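Protein chains in written order, with our numbering: chain A, 1 to 111; chain B, 1 to 117.
Some hints here could point you the wrong way.
Selected chain A positions facing chain B (Cβ under 8 Å, derived; list incomplete) [to be verified]:
id, residue
1, Leu8
2, Phe89
3, Met93
4, Arg98
5, Lys103
FYI, nobody ran anything at the bench for these hints, they're computed from the structure.
The structure presented is a predicted model; accordingly, all values stated were derived computationally and were not measured.
Here a beta-carbon is modelled for each residue, glycine too, at the ideal position from N, C-alpha and C.
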Amino acid sequence: GESVGLHLPTLSVQEGDNSIINCAYSNSASDYFIWYKQESGKGPQFIIDIRSNMDKRQGQRVTVLLNKTVKHLSLQIAATQPGDSAVYFCAEMYGNNRLAFGKGNQVVVIP
Amino acid sequence: GAVVSQHPSWVICKSGTSVKIECRSLDFQATTMFWYRQFPKQSLMLMATSNEGSKATYEQGVEKDKFLINHASLTLSTLTVTSAHPEDSSFYICSAHPMDRGTDTQYFGPGTRLTVL
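Just chain A, same shape as in the assembly:
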């Protein structure tokens, strides 16, 4: 069933500062993880992915860290910009390429 909670965790960050968003996943057998960005009224947009044989992967202004021991993912955004304001979801891939999404984190960038 759907979650009852209607309040997303919110991170307020000053423009230019770095942002860190955290996510706990549930299945220790998952071997592929993705971060998505979702702006209001739109579909999720791929940001970066990582496989379980890595613990860090970098993209343009973004870095994903994976800690398999504690089943934890994080997304770091460098020099956060107003256009980074959105909801960020982590997702883990399980059987038959299905994705299970985390609860989401709202990022609000203060100009």
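Please build the complex by placing chain B on the supplied structure of chain A, with the hints as guidance.
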């Protein structure tokens, strides 16, 4: 690129009617597409896996007779919400997994906002 479109982007219907939502992969083929539902300020919940040429696979708790899925071609999947009721009002999002690109990444459509009066 990897572009997925959905049509319509929003729809309002009366209770008891059926609504069809289309999901198209515009520049790639996909044997597998996925349908999600998202309520306000909540996460995406996978409803079903749409398989080209075979029956869809539904997640636990999703009524297959209410949410009809047809994957008619390698670029098109449709979701029909039958006998819609106000509690079916939600944001419906599809994703597609490209064939032959050597990636597990799924690409998402822009979503369809369904409001049932």
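So, going through the hints one by one against the coordinates:
For leucine 8 of chain A, the interface hint holds, since its Cβ comes within 8 Å of a Cβ in chain B; the closest pair sits about 6 Å apart. Given the 8 Å rule on beta carbons, the hint for phenylalanine 89 of chain A holds: about 6 Å separates it from the nearest Cβ of chain B. A cut of 8 Å between beta carbons decides the hint on methionine 93 of chain A: the least distance to chain B is about 6 Å, and the hint holds. At a threshold of 8 Å, the smallest CB-CB gap from arginine 98 of chain A to chain B is about 6 Å, leaving the interface hint in force.
Annotation: lysine 103 of chain A was flagged as interfacial toward chain B, and the flag holds, the nearest CB pair being 5 Å apart, inside 8 Å.
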